[in-house]
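Engineer: If you want the building blocks of each chain, they are given just below.
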Amino acid sequence: ILKTTYIFILLFIWTRLGLPSPLRPICDPRVLDRFIKEARDTEFAMRSCSEGCSLAEPLSVPLTSVDFAIWEKGDVSEQAQEVQSGLWLLAQAISAVRVSITSTALHSLLDNSHSNIHSIGQVIRSLNFPEYTPPADGTVHEDTWRVSSTLELFRVHTNFLRGKVRLLLSHAPACRRDST
Amino acid sequence: MNPRSPPPTGSVSVECGKLQYSSHNWRGTQQRAVMCVCVCVCERERERETYLPRRRALCGGCGGSRALDSGGRCVCFSGTMSPVRALRRCVFLLLVCVRSVCALDSKASLLVAVEPEDPKCFAEGMRDLTCFWEEEGSRSPDDYAFTYMYQETNEESSKCALTAQSVGGSKTRYICRLPSVQHFVPLDVSVFQDGRLIYNRNLLIDHVFLLDPPANVTVTQTGEQEQLRVCWLPPALMDMENSMMYEVEYAPTGSHMGKRESVRARSEIILHSLQPDTRYNIRVRAKPDGLSYSGYWTAWAPWVSMTTPPAEMDLLILALCVVISLILILLSLTLLLSYRRFLLKKVWPVIPSPENKFDGLFSVYGGNFHEWLGVGNRGFWWSPTFLLVEESPSPLEVLSEAGFTAPVPVHPMPFKALGLSKKEVEEDERTGGQDSVLMGRRKGKAHPHWVLEQLQSLDQPSVPCCELHTLEPSDTYVSLNYRSQQDSGAMSPLADISEESLPLQVLFESPGTPTSFSDLESVTYSSGSGEISSQSSLEYPYGAWPLKGPSYISMTVTDSGISTDYSHMSWGTTGLGDLAMAYTNEYKNKVPAPRLPPHGHTVYSYY
Numbered sequence: 001i002l003k004t005t006y007i008f009i010l011l012f013i014w015t016r017l018g019l020p021s022p023l024r025p026i027c028d029p030r031v032l033d034r035f036i037k038e039a040r041d042t043e044f045a046m047r048s049c050s051e052g053c054s055l056a057e058p059l060s061v062p063l064t065s066v067d068f069a070i071w072e073k074g075d076v077s078e079q080a081q082e083v084q085s086g087l088w089l090l091a092q093a094i095s096a097v098r099v100s101i102t103s104t105a106l107h108s109l110l111d112n113s114h115s116n117i118h119s120i121g122q123v124i125r126s127l128n129f130p131e132y133t134p135p136a137d138g139t140v141h142e143d144t145w146r147v148s149s150t151l152e153l154f155r156v157h158t159n160f161l162r163g164k165v166r167l168l169l170s171h172a173p174a175c176r177r178d179s180t
Numbered sequence: 181m182n183p184r185s186p187p188p189t190g191s192v193s194v195e196c197g198k199l200q201y202s203s204h205n206w207r208g209t210q211q212r213a214v215m216c217v218c219v220c221v222c223e224r225e226r227e228r229e230t231y232l233p234r235r236r237a238l239c240g241g242c243g244g245s246r247a248l249d250s251g252g253r254c255v256c257f258s259g260t261m262s263p264v265r266a267l268r269r270c271v272f273l274l275l276v277c278v279r280s281v282c283a284l285d286s287k288a289s290l291l292v293a294v295e296p297e298d299p300k301c302f303a304e305g306m307r308d309l310t311c312f313w314e315e316e317g318s319r320s321p322d323d324y325a326f327t328y329m330y331q332e333t334n335e336e337s338s339k340c341a342l343t344a345q346s347v348g349g350s351k352t353r354y355i356c357r358l359p360s361v362q363h364f365v366p367l368d369v370s371v372f373q374d375g376r377l378i379y380n381r382n383l384l385i386d387h388v389f390l391l392d393p394p395a396n397v398t399v400t401q402t403g404e405q406e407q408l409r410v411c412w413l414p415p416a417l418m419d420m421e422n423s424m425m426y427e428v429e430y431a432p433t434g435s436h437m438g439k440r441e442s443v444r445a446r447s448e449i450i451l452h453s454l455q456p457d458t459r460y461n462i463r464v465r466a467k468p469d470g471l472s473y474s475g476y477w478t479a480w481a482p483w484v485s486m487t488t489p490p491a492e493m494d495l496l497i498l499a500l501c502v503v504i505s506l507i508l509i510l511l512s513l514t515l516l517l518s519y520r521r522f523l524l525k526k527v528w529p530v531i532p533s534p535e536n537k538f539d540g541l542f543s544v545y546g547g548n549f550h551e552w553l554g555v556g557n558r559g560f561w562w563s564p565t566f567l568l569v570e571e572s573p574s575p576l577e578v579l580s581e582a583g584f585t586a587p588v589p590v591h592p593m594p595f596k597a598l599g600l601s602k603k604e605v606e607e608d609e610r611t612g613g614q615d616s617v618l619m620g621r622r623k624g625k626a627h628p629h630w631v632l633e634q635l636q637s638l639d640q641p642s643v644p645c646c647e648l649h650t651l652e653p654s655d656t657y658v659s660l661n662y663r664s665q666q667d668s669g670a671m672s673p674l675a676d677i678s679e680e681s682l683p684l685q686v687l688f689e690s691p692g693t694p695t696s697f698s699d700l701e702s703v704t705y706s707s708g709s710g711e712i713s714s715q716s717s718l719e720y721p722y723g724a725w726p727l728k729g730p731s732y733i734s735m736t737v738t739d740s741g742i743s744t745d746y747s748h749m750s751w752g753t754t755g756l757g758d759l760a761m762a763y764t765n766e767y768k769n770k771v772p773a774p775r776l777p778p779h780g781h782t783v784y785s786y787y
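Quick mapping for you: the protein sequence lines, in order, are chains U and L.
Sequential numbering from 1 applies to the first sequence in our numbering.
Sequential numbering from 181 applies to the second sequence in our numbering.
The set of hints was computed from the structure by calculation and includes no laboratory data.
Since this is a predicted model, take the numbers as computed values, not measurements.
Treat the hints loosely; a few may be bogus.
What the hints assert, rightly or not - When the alpha-carbon atoms are kept at most 20 Å apart in a straight line, the in silico EDC-like pairs for lysine to aspartate or glutamate are as follows:
#1 L:LYS351 x L:GLU314
#2 L:LYS467 x L:GLU427
#3 L:LYS467 x L:ASP308
#4 U:LYS37 x L:ASP469
#5 L:LYS467 x U:ASP111
#6 L:LYS467 x L:ASP285
#7 L:LYS467 x L:GLU295
#8 U:LYS37 x U:ASP111
#9 L:LYS467 x L:GLU429
#10 U:LYS73 x L:ASP419
#11 U:LYS37 x L:ASP419
#12 L:LYS439 x L:GLU427
#13 L:LYS339 x U:ASP67
#14 U:LYS73 x L:GLU295
#15 L:LYS351 x L:ASP308
#16 L:LYS351 x L:GLU315
#17 L:LYS467 x L:GLU448
#18 L:LYS351 x L:ASP322
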């Protein structure tokens with residue numbers, strides 16, 4: 001009976017998470033901290049990447065720089081859009097890189113990074129930010145940067161999570177209301 | 181006279197010692213300039229009167245000359261400040277400069293020890309970056325060029341203005357402060373000396389934080405033993421409050437063995453396991469935790485002292501010890517008491533003695549089993565003998581000194597006794613076990629007619645008259661005793677028998693009461709056995725026959741003083757004489773009347 005109850009609860013939670021209905025805000029900073037740690041580990045792993053780590057085509061990645069003087073005065077919804085588009089770009093880039101890399105160990109790391117990005121997207125959605133719709137033509141209007149190696153890619157990936165994404169989540173209005 | 185305050189134009193610079201201070205354009209309504217006065221223009225221009233700087237001032241006299249009609253005008257002109265103001269301003273600026281220089285000095289020295297790369301850069305807040313390096317000599321900062329460029333951005337490289345600072349005599353420190361910084365992007369820094377690249381470094385600004393030490397460190401007692409609480413303020417930087425880790429060092433005053441404790445994300449800690457009543461010195465330092473932000477350990481905050489509360493546990497421990505020791509003592513005493521009997525049994529084992537099984541064997545007869553058998557245990561010991569008795573009871577003949585010519589009424593008892601004895605014997609033969617009745621009951625009834633009455637009431641066939649004799653008190657006679665159950669009072673006379681040295685006593689008591697011998701305790705046993713077997717008592721009527729219990733024939737024998745040995749009797753076993761002997765004294769005590777034959781004894785026989 002306990003087992004079935006446990007399974008039922010898990011299913012319930014999963015279905016709840018999968019629904020696009022308003023989710024409970026995920027405000028725990030440890031969630032993102034874990035993703036940041038894994039991104040760092042992936043970046044370190046990429047340093048030892050030897051084959052297939054040079055990209056044939058440069059990939060577009062978001063800008064990671066944050067000027068606090070400007071960021072503090074910025075609009076939260078704009079920042080959310082910026083973050084979500086950046087995440088989308090990174091997801092695209094990681095998918096592209098996965099094809100070219102041959103090492104299976106790195107494959108697992110890449111898959112993990114991809115799923116993490118997807119989870120972060122869900123966290124952002126849970127905070128009631130307006131949803132981001134990727135552009136149809138594949139280009140973004142925000143400034144981007146182009147990387148030509150996986151090491152650069154994952155460095156950008158780590159910096160993006162540490163910087164803009166973390167700032168967005170830690171200063172989300174939904175969380176601030178909860179924490180009073 | 182001077183309603184208007186013409187706005188002076190231009191800015192003036194005032195020398196204030198060696199610092200340059202630029203004053204802004206005085207606008208009359210805004211901040212005051214260094215020296216703006218209203219000057220009255222006098223006729224003679226040389227003479228001027230100065231007034232305190234005000235927007236408007238009245239022109240007074242011109243010192244002799246006449247003021248012009250145009251009135252005065254405000255003029256700001258350069259000149260030395262009033263000494264007091266200048267001093268105040270200089271001191272203020274000096275302090276500001278010194279403070280920043282001092283702060284930089286401490287941090288720079290800290291960084292020099294930790295960071296190997298040049299230039300050493302650190303961020304004190306979220307919007308600044310300070311880079312420096314030290315060189316021998318004292319060259320001008322213009323010889324150097326400091327360029328930086330943010331990577332992964334579309335920005336160009338920029339140049340930073342350098343300042344020089346002399347350090348430690350011969351060295352010079354060149355400092356660059358970036359006006360604005362960007363985080364989470366790599367920064368590429370290059371230093372050129374005379375156009376030649378000397379340093380190059382790539383760093384992330386959010387990884388080189390070197391903050392101020394934690395402020396407001398307070399240490400308080402928690403109220404518990406051996407504990408102190410340390411609180412401090414986290415750095416007041418946005419987004420940094422949750423990303424800090426702290427290190428607390430504490431040591432007793434005077435000791436050099438400090439202990440360190442780490443704290444993450446909390447700005448207080450409780451120190452445990454401290455020595456009681458000791459003064460502790462505590463200091464704290466901070467560092468970003470390394471996940472999102474990273475950096476160097478800050479300088480230690482100044483030492484803060486607090487004394488731990490004195491030890492109070494002694495009283496409690498003492499009370500506990502006392503209680504526990506009391507409990508232990510009680511337990512040991514209990515064990516000892518319960519163990520003592522066991523111990524006694526072990527150490528002095530009780531020698532099993534058969535005394536309780538054999539009444540009077542050791543106490544009365546001194547272990548003489550034969551003697552004891554004759555008196556004491558009548559029950560089954562007597563049974564084989566009484567079987568013999570049953571089989572062949574023989575008449576009892578008593579020889580006495582006195583004649584037997586006494587009239588019957590005078591001595592009915594002996595007469596009766598004799599008669600009854602024979603009769604009873606015969607009856608016993610006939611009944612085979614029926615109890616005989618005591619004939620010569622003398623308890624409290626020394627009436628000479630008593631026996632006659634008893635005889636008359638006795639529902640027995642008459643005793644052969646020929647054999648009736650009257651016995652003197654000194655005569656020896658045998659009477660048969662019978663005892664019933666109802667008699668309990670008759671027990672007492674028997675019990676009160678004192679020890680007599682008379683050999684023969686007449687006893688009319690039932691053997692239920694103890695018949696004590698002088699030096700033997702057979703009374704108890706005889707009475708006991710008599711209780712078992714003798715169902716008769718002195719109060720029993722002659723007619724009363726006990727219906728149950730072992731029947732017995734008791735004989736009371738009176739004697740003038742001669743002990744009679746009845747051992748030869750067929751139904752008297754060896755113990756019979758003893759039995760007779762046993763009760764010699766009894767009778768005397770039991771029978772209060774002096775008329776009663778003083779000598780006599782009851783012979784009990786059981787079967």
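Engineer: Quick one: which hint numbers does this structure break? Sort them smallest to largest.
Structural biologist: The structure conflicts with hints 5, 14, 15, although it agrees with all the remaining ones.
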